[in-house]
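K.L.:
Protein sequence lines correspond, in order, to chains W and C. The working numbering puts the first sequence at residues 87 to 247. The working numbering puts the second sequence at residues 3 to 200.
A portion of the hints provided could be inaccurate.
Said to hold, decoys possible - No farther apart than 30 Å at their CA atoms in a straight line, the calculated lysine-lysine pairs in the BS3-like style are these:
1) W:214 to W:141
2) C:186 to W:197
3) W:119 to C:186
4) W:214 to W:197
5) C:151 to C:111
6) C:95 to W:242
7) C:119 to W:198
8) C:107 to W:141
9) W:90 to W:131
10) C:183 to W:131
11) W:242 to C:186
12) W:131 to C:129
13) C:196 to W:238
14) C:95 to C:186
15) C:119 to C:183
16) C:23 to W:98
17) W:240 to C:18
18) W:119 to C:18
19) C:35 to C:95
20) W:198 to W:137
21) W:119 to W:131
22) C:95 to W:197
23) W:141 to C:9
Note that these hints are calculated values from the structure, not bench results.
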Amino acid sequence: MHTKEEFIQQIKENEGIIYKVSRLYTNSAEDQKDVYQDIVYQLWKSYPSFKKNSKMSTWMYRVALNTAISNLKKEKRKGTRVSIDHVLFNKMDPVDTVMEERITLLYAHIKKLSIVEKGIILLYLEGKNYDEIAAITGFTTTNVGTRLARIKQKLKSQIKK
Amino acid sequence: MELEEMKSLWEDMSQKVDQQKVLTDQLILEMSKERYENSIRRISVPETLSAFICFAAVFFLISNFSLLDVWYLQLTGLLTIVACVLLPILSLKSIKKLEAIDVSKGTYKESLVNYAKAKVRFMKLQKISFYTSFIVLILAVISFGKIMKGINVFTMTEKLNWLVPSGIGVLFIFSQWVLKKYKKASDSANKILKELEE
Numbered sequence: 087m088h089t090k091e092e093f094i095q096q097i098k099e100n101e102g103i104i105y106k107v108s109r110l111y112t113n114s115a116e117d118q119k120d121v122y123q124d125i126v127y128q129l130w131k132s133y134p135s136f137k138k139n140s141k142m143s144t145w146m147y148r149v150a151l152n153t154a155i156s157n158l159k160k161e162k163r164k165g166t167r168v169s170i171d172h173v174l175f176n177k178m179d180p181v182d183t184v185m186e187e188r189i190t191l192l193y194a195h196i197k198k199l200s201i202v203e204k205g206i207i208l209l210y211l212e213g214k215n216y217d218e219i220a221a222i223t224g225f226t227t228t229n230v231g232t233r234l235a236r237i238k239q240k241l242k243s244q245i246k247k
Numbered sequence: 003m004e005l006e007e008m009k010s011l012w013e014d015m016s017q018k019v020d021q022q023k024v025l026t027d028q029l030i031l032e033m034s035k036e037r038y039e040n041s042i043r044r045i046s047v048p049e050t051l052s053a054f055i056c057f058a059a060v061f062f063l064i065s066n067f068s069l070l071d072v073w074y075l076q077l078t079g080l081l082t083i084v085a086c087v088l089l090p091i092l093s094l095k096s097i098k099k100l101e102a103i104d105v106s107k108g109t110y111k112e113s114l115v116n117y118a119k120a121k122v123r124f125m126k127l128q129k130i131s132f133y134t135s136f137i138v139l140i141l142a143v144i145s146f147g148k149i150m151k152g153i154n155v156f157t158m159t160e161k162l163n164w165l166v167p168s169g170i171g172v173l174f175i176f177s178q179w180v181l182k183k184y185k186k187a188s189d190s191a192n193k194i195l196k197e198l199e200e
């Protein structure tokens, strides 16, 4: 039995996933807030069907990535949202502007990749191994390897420019 | 920035994000609840308004149907009624379908396939709606013209002299724009599908 308290606890422990996914698939702070909130809502909605025999983070990555994609097609259908500005804007230490600049650049490089590649590189950067990436994305382990090699090559030439 | 540097920077960012626990119990619950209310509101405001206008037009046409005294005017009136009933129903149904997608079930790959297909389907629907709306507009002008002003557009050829060419002109300009948008969406969707097959 999944309780409300358990859900809240899990969200708090994994809020970084929601932040990173929502930032990667959007181009403005407004859209990011929308996607962030929608991910929390979708996690809440599907939490009762979550099976505890699978890893919580695997399930969260899957729901977060799928929500981000489903939001791409309804970008113009927005409602009002909860005020979560402080959540998103205070994520980084405001004093550490150099780091924020470098992270913005990092996101800019990743955002240049195709929609298929974005999810794979995100999971790679999150430290997931090929099997875990395959489990989340639905590609075979070999295919993940091939795709990652191509993505790395692409990023390398992108960075050199 | 080298790739290894990218990875270590990502790790640094992840650590910072994890340290700054900012979500409160209240905020999480509010987000879930608010989104739920929004998903209903998002459907209800524009679509309900359009449906209301369409149904009002249907009511007006039915109650004044006797004023359409010639068979072709009755036919345009009838077609307008059918379109005004069907279009809002189809629109609401397609939105319901979009909202019913369960994001927790499929994998990333399946979601991308669904996204690409939905994109093409949506643009197809937009294209059909565009042409249908244009026809409905013409039918509505004919029916309402007769009911409200007693004008029979078919017999007033001097009106048709400028109405028909300007209508065709507007249709041509907008259809080029619609087709361009459709092609762009289809190309990008096909690109995703092709990339997934690789």
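K.L.:
When the structure is checked against the list of hints, which entries are broken? Sort them ascending.
P.N.:
5, 6, 10, 12, 20 and 22
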